[in-house]
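Number of protein chains: 2
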Amino acid sequence: MNSGGDDRGSRATVMTSPIESASELDAKDPLAGFRRRFLIDDPELIYLDGNSLGRLPAATVELVESAVKEQWGKGLIRSWNDGWFEAPERIGDKIGRLIGARSGEVVVADSTTVNLFKLALTALKQRPGRSRILTDDLNFPSDLYSLTGVVEALGDRHSLEVVPSADGINGPVEEIRARLDERTALLTLSHVTFKSGYLYDMVALTRAAHEVGALVLWDLSHSAGAVPVDLEAARADLAVGCSYKYLNGGPGAPAFLYVRRDLQESLTNPLPGWMGQLNPFAFELSYQPVADVRRFLTGTPPILSLLMIEPGVDLLLEAGMRRVREKSIRQTGYLIELWRQLLAPLGFSLNSPENAPRRGSHVSLGHSEGLGIDLALIREMKVIPDFRQPDNIRLGIAPLYISFSDIQQAVWRLHEVVERGLHRRYLGNAPVVT
Amino acid sequence: MNSGGDDRGSRATVMTSPIESASELDAKDPLAGFRRRFLIDDPELIYLDGNSLGRLPAATVELVESAVKEQWGKGLIRSWNDGWFEAPERIGDKIGRLIGARSGEVVVADSTTVNLFKLALTALKQRPGRSRILTDDLNFPSDLYSLTGVVEALGDRHSLEVVPSADGINGPVEEIRARLDERTALLTLSHVTFKSGYLYDMVALTRAAHEVGALVLWDLSHSAGAVPVDLEAARADLAVGCSYKYLNGGPGAPAFLYVRRDLQESLTNPLPGWMGQLNPFAFELSYQPVADVRRFLTGTPPILSLLMIEPGVDLLLEAGMRRVREKSIRQTGYLIELWRQLLAPLGFSLNSPENAPRRGSHVSLGHSEGLGIDLALIREMKVIPDFRQPDNIRLGIAPLYISFSDIQQAVWRLHEVVERGLHRRYLGNAPVVT
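Heads up: the protein sequence lines correspond to chains S and G, in order.
Under this note's numbering, residue 456 is the last one in the first sequence; the count climbs by one each step, no gaps.
Under this note's numbering, residue 456 is the last one in the second sequence; the count climbs by one each step, no gaps.
Read the hints as simulated data drawn from the structure, not as lab findings.
Here the structure is a predicted model, which is why all the values come from computation and not from measurement.
All C-beta atoms in this analysis are idealised placements derived from N, C-alpha and C, irrespective of residue type, glycine included.
Hints are supplied without guarantee of correctness; some may be wrong.
[As the list claims (entries may be wrong)] Pairs of lysine to any residue, SDA-like flavour, derived with a Cα cap of 20 angstroms:
{"id": "1", "chain 1": "G", "residue 1": "Lys96", "chain 2": "S", "residue 2": "Ile62"}
{"id": "2", "chain 1": "G", "residue 1": "Lys50", "chain 2": "G", "residue 2": "Arg352"}
{"id": "3", "chain 1": "S", "residue 1": "Lys91", "chain 2": "G", "residue 2": "Ala81"}
[Stated by the list, open to error] Pairwise CB distance ranges, derived in the manner of DEER restraints:
{"id": "4", "chain 1": "S", "residue 1": "Ser288", "chain 2": "G", "residue 2": "Gln411", "range": "47 to 53 angstroms"}
{"id": "5", "chain 1": "S", "residue 1": "Leu300", "chain 2": "G", "residue 2": "Glu441", "range": "34 to 40 angstroms"}
{"id": "6", "chain 1": "S", "residue 1": "Glu204", "chain 2": "G", "residue 2": "Leu339", "range": "55 to 61 angstroms"}
{"id": "7", "chain 1": "G", "residue 1": "Gln411", "chain 2": "S", "residue 2": "Asp314", "range": "20 to 26 angstroms"}
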């Protein structure tokens, strides 16, 4: 990384005020100490992709050694009796405390896509006279793929209506409200959208869907551990979400699903398995689901990946989602302020909501040469954002380990890439994962 | 553990011949050295449950440290480009070499139950004029649960015919053949059945199903790494299987699925997801599956649990399935011989096939007080089998780490439990997992 050169003078002038405020903001940050709870080998690297894969909690390193050597290696099959069998509920309950669910409403299982399939399919069966699924085009593409699979499995008798966002940034709230009617079986949305970071009003939209008799399924992948969620207050019916983003559960860690308690017995798991069987060790040939949320479990969970979720969730519970959200809003607001001063003049657009209550914990900056900028940042500037087509450089803010100085530094480095044209050599060069 | 007492004299007489043969057999065992490739902390413990959860390979301990600290902790999101994204195919191809599949026919994904759901559902859609699924009552219960889910998802237009085994030990081969007709859409069986260890003739039954135009789906959970499988020679259509039993992939490690190459493009994944999308990083809203076996992938795989599969598979590839099978047949045969001499007189029945070509790599011994015996073995005798209702003590033989002496010792200890009545205090005492 090259820290400047002949244009250093002009940038230093512009940056005087933000430099001071970043260190001041860090000095009074009540969550600053949490950064030390993560394994960070290179303090110069600014990691702004915690919304895609969260960092490694230090406690996870100890846990994985114990899980492998002690629990698997020495405990062998006996470890199923010493915590493995209950882990989906136990860790699910902890995640539940982050998203406003009650104990017994969340389990960890499968992937987000598989869980969405399960819950959307059973939701449609619960609304037999209704043929419409409503979503938006800001939703994660694989959610739409999964919904397509549900429609096909049910014999193509449902339509999937994808309401477009007018600007690609804000959720089409009024259009969704207008389309909700007695034909709507299910409304399903990403609570925080993956590209722009738009944050839906869960309470209002859940109420609107309920008013026409539809069920609501929220994808919390970009919400859990990032913004406060209160499923109970919203009277949300169903939810799914991911544990490897802001929950810091590790690569591909299994997902979670939520079913409101009063719905659990009336909904069935379309993918029945032994983990949801009433007496799994009786090995009965006919499926008899347990009466609670565990009926939505299917096969044996990937124990190592499952157990690794817990330390990251514990950190968030310790920090408290109120404080996490306060810092996140200050940090994304600070980033937007720096964008306005330093990056907008270089052709960057803000592709996320400016209005804090409608913004999740990442900020997307658009640039016509965004992919090249993203690659130059990663390969030459020790900043890791990610990139989402067509032009979004996504800057994920995980308040537990991102400082205000990180954000300021990242903006400087972004500024430097474009000012010096470092991104030009990367144009047209697409990596597998960005 | 108490090694005898007043009846030592009589047992010693009986055991003279087997004692000698066990050490002789171990001395000339070409696979004996593989035992040292596993982490075995207590050499006195005889672990006969590798058919439920295989032991921890020593190489896995090193790999998990690297996967967590280096790949996740330091590599962060970049590790998706350094092997994670391709891991389902790469490890799938290695498993494929153990089961007679060609490169590009196997991927690692989800759980066995989810994979069975996917493949059975798409198989039924491929045979639209046919309404019957044929299986047997020796199949793993969760396979039946999954098939029930498939039938329900498709609107209850199919019937699931569960052909009973006459003796609970041997597969009802002739009855299955008699039921196969032009109404049969799918024949699906456990290649090796979980309770008795009966081993179906894959070639003959696949041919019989094909003769009436049905597809065949084999569950290889108790076969992979235990018995030779040649999917290509059998012209098998579809298969699923588990990686945490004889493959030693770790607790709940993700499962695998096989789709014969010429079927891949005509079958679709009922649970579509981004891992099977043609251009996953284009984030297109409409699902366009990749043309190969990866289309059967769904969501993000649990990377830690996934990567841990590889060392165990490598050990089996190094040992070679021919040698593994030779040792397995000698060992299960030896166990049956000891049963005949020592345990049959105490009321134990043989609940597995005596005929070696029809036997997998575990032996079930029946006893009316089987659960108590199982528990006494685990808690007082340092032998870990498992128990399957109503009366089966399952003794799993994983030839890579089980010696002939282990088998002999286990039989002695079983004999001692019953002779001394040690099991009586455990009757009626059911653990969560046995």
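Verification of the supplied hints:
1. Lys96/G / Ile62/S: Roughly 7 angstroms between the alpha carbons, so the hint for Lys96/G and Ile62/S holds.
2. Lys50/G / Arg352/G: 12 angstroms, holds
3. Lys91/S / Ala81/G: 12 angstroms, holds
4. Ser288/S / Gln411/G: 47 to 53 angstroms: 30 angstroms, violated
5. Leu300/S / Glu441/G: 34 to 40 angstroms: At roughly 37 angstroms between Cβ atoms, Glu441/G and Leu300/S fall inside 34 to 40 angstroms, so the hint holds.
6. Glu204/S / Leu339/G: 55 to 61 angstroms: 59 angstroms, holds
7. Gln411/G / Asp314/S: 20 to 26 angstroms: 23 angstroms, holds
When each numbered hint is compared with the structure, a violation occurs for hint 4 only.
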